[in-house]
Every structure is written in C-alpha cells, then in structure tokens.
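Since the structure of chain W is already known, use the hints to place chain S on it.
Chains W and S, in that order, give the protein sequences.
Plus 226 on top of the position in the first sequence (first one is 1) and you've got the numbering used here.
Plus 300 on top of the position in the second sequence (first one is 1) and you've got the numbering used here.
Among the hints, erroneous ones may be present.
Partial list, computed: chain W residues near chain S (C-beta under 10 Å) [said to hold, decoys possible]:
#	residue
1	D270
2	Q271
3	K272
4	R274
5	V275
6	E277
7	R278
8	N279
9	Q281
10	L282
11	E285
12	A286
13	A289
14	T293
Simulated pairs of lysine-lysine, DSSO-like, Cα-Cα distance not exceeding 27 Å [what the hints assert, rightly or not]:
#	chain 1	residue 1	chain 2	residue 2
15	W	K272	S	K432
16	W	K632	W	K677
17	W	K296	S	K368
18	S	K398	S	K368
19	S	K360	S	K561
20	S	K429	S	K469
21	S	K368	S	K561
22	W	K461	W	K387
23	S	K450	W	K272
24	S	K368	S	K613
25	S	K553	W	K354
26	S	K398	S	K613
27	S	K429	S	K522
28	W	K272	S	K429
29	S	K425	W	K272
30	S	K485	W	K272
31	S	K526	W	K272
32	W	K354	S	K554
To list a few chain S residues with every Cβ distance to chain W over 12 Å, as calculated [what the hints assert, rightly or not]:
#	residue
33	D403
34	R439
35	A481
36	F518
37	D527
38	V536
39	Y568
40	L601
Keep in mind the hints are simulated off the structure, nothing from the lab.
Note that the structure is a prediction, hence the values are computed from the model and not measured.
All residues carry an ideal CB built from backbone N, CA and C; glycine is no exception.
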Amino acid sequence: MKTRFSWLTVVLTLGALPFGAVSPAWADDAGEIATLREQIRLLDQKLRVLERNQQLRDEAATAAAATTPKITINDRGDTFASADGANSIRVRGLVQMDARFFGADGGIANNAFVLRRARLITEGQFAKNFGFQLLSEFGGSSVSILDANLTVGINRALQFKFGKFKSPVGYEIIQSDSYIFFNERSIVTNLVPNRDVGIQASGDVFGGTLSYQLGVFNGLADGGSSTNTDFDNGKELVARVFATPFRNAAGSPVQGLSFGISGSTARAKTAAGRSSGYRTDGQQTFFSYNPAVIADGENWRVSPQLDYRHGAFGFIGEYARSTVNVRPTATGSRTELTNRAWQATAGYVLTGEDSAFAGVMPRTNFDWSAGTWGALELLVRYSDLRIDDAAFPLFAAAASNADEAKGLGLGFNWYLGKSVVFKFNYHQTQFGLNALAPAVPTALLLRQDEKAFISRFQVAF
Amino acid sequence: MKLKTMAILLAALAGTFAATAKPVQLLNVSYDPTREFYVEFNAAFAKFWKARTGDDVTVKQSHGGSGKQARSVLDGLQADVVTLALSGDIDVLHDNAKLIPRDWQTRLPNNSSPYTSTIVFLVRKGNPKGIKDWDDLVRAGVSVVTPNPKTSGGARWNYLAAWEFARRKYGSEDKAKDFVAHIFKNVAVLDTGARGSTTTFVQRDIGDVLISWENEAFLALKEFGKDRFEIVMPPVSILAEPPVTIVDRVVKKKGTEVVAKAYLEFLYSDTGQEIAARNFYRPRNEAVATKYASTFAKVQLFTIDEAFGGWAKAHQAHFADGGSFDQIYVK
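With the rest of the complex left out, here is chain W (with noise of 0.2 Å):
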C-alpha cells in the first residue's frame, strides 16, 4: 500500500510537472493582460472626460459669445456692440494739424501753423434700425456741434434722419472731410450750403445703383452752415439721385463710374439768405457782398456730379450754379444773381492701392524697421468761380471783390496708415476782376495770384 500510494505520488508529480512548469507563466500573462486593460480603460475614460470637458467648454464658450457684448478697436474707431450687434456705440476723431505758407503775397495773410480740425464723432445705433451720430469741433474758437441726427432705418431702399447734418447739393461737400483729395474742398463748394437743420429721406434702390436723397431744410445760404437759428419762415427743398450703373459689371473699365445731379430751392428772406463770403483754396475771402444786401425771393441751386474710380486712378468733377434774389439794400429793388463754378480733380496713388470716395487704405502702414513705406497719392485740380456780373456794383464792391477765381492745385498725400497722413498741397488761384474795377484793385489779395503751401497732419479713426 505504501508502495502502491509513492507510485501514485511520482506519477502525479510527473504528470503535473508540465502544468506546474508553465501554469505560473499563463497566470502572469493573464493577469497582465487584465492590468493593461484596466489601464486601458482609464486611460479610455480620462480621454472621454476631457473631450466631453472640452465639448461643455465650447457650448459654454459658444452661449457665452452670444450674450457677451463686442468691443473692437481698430483704425476705424472704438466700436462697443451687443452681442447680436443690433446695439453699438462707435467713438471716432479727427484731427487736422496745418502750416500754412502764403507767398509774394504782400502780407496779407500770415503764415501759421492752424488747428484746422478738432472733432471727436460719436455714432451708434439702437434696436439695428436707430441710428444717431452726435460730431462736436473742437478746433475752431469755441467749441460746436457740427452735426447732430437721428436715423430711423426702414429698410435699404428708405431711411430717414432728421437733425443738424450736411445738406446733400455740392458733391466733394458730403465726402468726409477725412478723405477728401485735397486738405480744402475746392472753390465750388462755395456755392453749395454746408451743414443744415431738417428732415430726409434717403435709400438705396435697383440693386444699390442708384441711391437718393429728398429733405426739407432751414435753408442755408451759398457755403453757409446752421447754427441752429432760422431766419424766415421759408424751408429749402433738396433733391439729389445719384447713379452708379456699372458697379456690378466686375472688371468692366466703367465700373467705377458714377454721376447725378443734386439741387435744391427756397425762398430767403433776410441778410442771412445771400453768402457771408466765397473763399479760394487758401481759405481767403475774394468775394463777400455789401452787409446792406439782403435775399428776398427764390434761390435754387443746381449741381451735376461725376466721380469716377479705376483703380489706383480717382477723378472727381462737379458743377455748381447758384442763384439767389437780392436787394441792395431793404428798399433795394430785387435782382436775380446767378454764380457759377466748377472743379475736375484727379488722383493717382502711386503705390498701386484703389483711389476711393472713402479713402486710400495703404497696404502696408508706414514702418521703418521693416521697410514699408504706407501709399503715395499724387494729385492735380482745376477750378473756377465766376460771380454774376450784375452784382456789381450794387451788391459788391468792384474795387475790392473779384468778379471770378481760377484756381490751380497740386498735391501729394502720404499714407502713413489708414488713419494717418500727411497731404503737402500748392494752390494758386488767379483773380479776375470786375470790368468797373480800378487797375489796381483795393483789396491787397487780388493785386496778384494767391500761393499757398497747405501741409496737414491727419489722424483719423
């Protein structure tokens, strides 16, 4: 029997040795296998709980984006907008910095430099379809508010602003005073009223080609702006349709072409109905009636505008006619005086950006270290005023007004950025005088051409 049980142990022992050999391997194996997948699994579960970490961050991020109000700064101003845009409050500036240099002039103006502009805008709008636009100067000897309106957007085609902005009759005049070609508008907007208090309705229609503007207004005289007082109980009416049938004929050599007319009618009554004054390129006063006259009856005014873009290459060009009824004096008998002018401006930007009616953006902003040079913008204008031969001499003084101006502009503008340039413009303006004007008039500017260097600082945004 013992032998029989040590028999039977050695056999089992044998029989067991290959099991015992390599069970101990499986169950290393095995519980390897169970490690790593436990390790698998966390690892699983931690990359699932961050994606979904991540996914909860971008809804939370995405929600919070539209409740969150935007704040964008950039050379077109501080904007703080709603969420959904619908509310927004833009600051913009403008100043203008000049050195005026007049020569052979015989003194009459001084040379200086002139805090041309000083204006802080602040714009807006409310509920998508308000707007407001509140412009206040600070530049001149006090401070004013230039422009002050409330918009109320029906749709594209109808929009309606009422307050204090700029009557739409000349067409360099309703450019931003920002973009202008020149530092100074030319001579024909001498003839056009500035800024005034009423209501229009404006929109864009056919596609925006054709764009227009109807108002009522105070009624201004020729270059004269509202300072909030009307003088007479009679309103101007102004009108203006302005094409640009080609703006969808892509790289068509027209399609920058743009044109319309504008004009405007009222009756004035009152000193404050005919020009205080027309001045030339230089900002002096050539031509002023006598302080007795006064408007009595109709004026209107009529002005064809052209503007056309390709590429680097912008012209402009506007014709402006100016009637008004005027007594001597307020017993005067009525005279109809009808003046007239006209410009043609042209602009090449040397540096290859687009001319446009909002500006030269320069394609790289002026920066010594890294070698660019902002855009260089050459310029060319002609203009002319003529004053309707019958003012004199009962309405001006022959001796000391001139009966017409002709004026000659050259300029460079240099785009140091979007928002700063710096414009070098000569102007000289030659004078023609009344046929009753003595040989050597009294007024020292019109005893030769006026030549005047305008250099101007801007900064805009």
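Same frame as chain W, now just chain S:
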C-alpha cells in the same frame, strides 16, 4: 316672429364664436428631462382645448437646466407657463422681477406640483462597481456623473438627497458636508443640466454611476436598452416635487391667461396624470398611482421641508454664493 328673431340672433352669435375661434400659442419653459412628457401632454391638451373651445392651441417647449431656464425668463423669455424642477427656481420670478405673485404655489393643488419624482442611480449593466447606496458613491475608483447644482434643478435634488442621507447616517452637518465633498471628488464631468449628464453617462460612456431623476433613468432604459443599464434605487432618497405656474405678467400681456391656467389644471386631470405616469413621473392621483404601482419602487422618501425647512433655506445654505456647494467645489 319671436322664434325667428331668436334663431337669427343665435345664428349670429354662433357665427361670432366661429369667427373668434383663433390659434393660440403658449410657451412652456421647463427643465431638461421633461421633453418627452410634455410632447405627449401638449398634444393631449391641444385636443382637449379644441374640443372645449374650438380654438387651436400650440404649445412650444423650451428645455434646459432649471436654474438657467429661470434666468432666461427673468431676462425676457416670454414664458406663459413655467414647469421647473424646484420651487426655488420659480420663486426668483417673484423675488427678482415680480412676474408672479408671492403666493404662486398655493394656486394649484399639492403645492402646485402635479407629479413627483425621486433621485435614483443609473449604473451599467451588471452593476460592475456594486453600487447599492449613497455610501458607494464615495468609494475610491467610482466615477460619478451629476450635473452642476448651480445651473440644474435636478442636481440640487441629487445634492440634497446625498446630504440628508449622510446627515442621518453620520449624525452632523459637518459630516454631511464632508460626505458630499467626497462625492464631488469622484465627479468627472459637471454638465449644466440633467439631460446633459444623461448624455455624458449613456452616450459618451463616461462614469460608473449617474445620479438621476427617476423618470430620466427610466427613459434611458427605454431609449438605450435594459441590456446596457440598470436602475439602482437607494434605500432612502428625496421626494422631488417639480412645481408649475403661469407667468402672470406674460399671460396678461399676451391675453393667454385662461388657456395657460387650463393647461396647468389639465396636468391634474386623469389624462394628464396618466401621461405623467407613462413618462415615469409619480402621479398624485391615487387611482393612477395604483395603476402604475409596479413601475415605481417603494422607497423611504423625505421631503425638502422636513429635511431642510423648505427651498428658500436649502438654497441659501447650499447653493447661494458662498454656500456649501461653493465651499466644496472651490476646494
């Protein structure tokens, strides 16, 4: 002659009524897991209202975390009725904007809660982590999914259920706080609403246990299969009483007061209670509750009033800025 005149008048009157039958639209701003319930309920109510008045009523639904939904209404969302997860979220409509009267909760039976629910655990099939009670949620290696109590009404019920369990078992508020803090240490993802948490657990396969509304857990089983998940009913939980009310300021402005009231009253009708039960809400109606008794496990339930002295106190102590949740979660 008189009869003829009367007939003409009646006909004219009927014509007037026919002419005034008009489409009505309500907006029900609700919390996350009620989507499916209100889809079915709204259809039933529209049928009921059409039969009763001849008017076509359409009920639009808005769902999200209960707290977030309340803030949307405060911010101007034109809700005719709100059906939120807890009365505290509705109270703010009075407290912050006087959109409803202070006593809004007394206007309908059962504190304006037409159905109840409770908090359960949804675990993966076979319950691999052996989760049976609240204690199991604090074990190391157990990954818990629950929404954020700051934004989700359901999450607040979850939080308070855990808190009261621990307070009863371990005997003090401090220990309850410590217990809940341990649960939140095991929380991997904090969604803003209950439905988001369900998505995290069920569709993203994250976590070992989802602390969930009972009806949401049942819905997960129904939608995704009993072969993937199972419900664990803890021995003790909280009686969740989601309340409802009309938003007085809105319904008066929109002229929908009558239909909005009828809408909420319909929740208490046999039809409304039946639909609630079918969607795994515990009905108030005894007969309907008896009919669906087998659906809902018997469990020891405590109320918010018993355990915390009402929602106002619970909110102040736990969910207001600087409350216990802030103290726990900042840690």
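Right, here's what the structure says about each hint:
1. D270: With a closest approach of 8 Å, the D270 (chain W) hint holds.
2. Q271: Because about 7 Å separates Q271 (chain W) from the closest Cβ in chain S, which is inside the 10 Å limit, the hint holds.
3. K272: holds (9 Å)
4. R274: holds (5 Å)
5. V275: This interface hint holds because 4 Å falls under the 10 Å limit.
6. E277: holds (8 Å)
7. R278: holds (5 Å)
8. N279: Status holds, d = 6 Å.
9. Q281: holds (9 Å)
10. L282: holds (6 Å)
11. E285: Hint on E285 (chain W): holds, closest Cβ of chain S at ~8 Å, below 10 Å.
12. A286: Nearest chain S Cβ about 8 Å off; hint holds.
13. A289: Cβ of A289 (chain W) sits 9 Å from chain S, so the hint holds.
14. T293: With a closest approach of 9 Å, the T293 (chain W) hint holds.
15. W:K272 / S:K432: holds (25 Å)
16. W:K632 / W:K677: Judged against 27 Å, a Cα distance of about 12 Å means the pair holds.
17. W:K296 / S:K368: The hint holds at about 23 Å.
18. S:K398 / S:K368: holds (18 Å)
19. S:K360 / S:K561: Satisfied, since the Cα-Cα distance of roughly 16 Å is no more than 27 Å.
20. S:K429 / S:K469: Distance of about 22 Å is within 27 Å: holds.
21. S:K368 / S:K561: At roughly 24 Å apart (the allowed maximum being 27 Å), K561 (chain S) and K368 (chain S) satisfy the hint.
22. W:K461 / W:K387: Satisfied, since the Cα-Cα distance of roughly 17 Å is no more than 27 Å.
23. S:K450 / W:K272: holds (24 Å)
24. S:K368 / S:K613: holds (20 Å)
25. S:K553 / W:K354: holds (25 Å)
26. S:K398 / S:K613: holds (20 Å)
27. S:K429 / S:K522: It holds: about 22 Å lies between the C-alpha atoms, which stays within 27 Å.
28. W:K272 / S:K429: holds (18 Å)
29. S:K425 / W:K272: Holds - the C-alpha atoms of K272 (chain W) and K425 (chain S) are around 21 Å apart, at most 27 Å.
30. S:K485 / W:K272: Cα-Cα ~15 Å, so holds.
31. S:K526 / W:K272: At roughly 26 Å apart (the allowed maximum being 27 Å), K272 (chain W) and K526 (chain S) satisfy the hint.
32. W:K354 / S:K554: Judged against 27 Å, a Cα distance of about 25 Å means the pair holds.
33. D403: holds (32 Å)
34. R439: holds (15 Å)
35. A481: holds (19 Å)
36. F518: Holds: least Cβ distance 23 Å, greater than 12 Å.
37. D527: holds (20 Å)
38. V536: Fine: 29 Å to the nearest Cβ keeps V536 (chain S) off the interface.
39. Y568: Consistent with the label, Y568 (chain S) stays out of reach of chain W, its closest Cβ about 35 Å off (over 12 Å).
40. L601: holds (31 Å)
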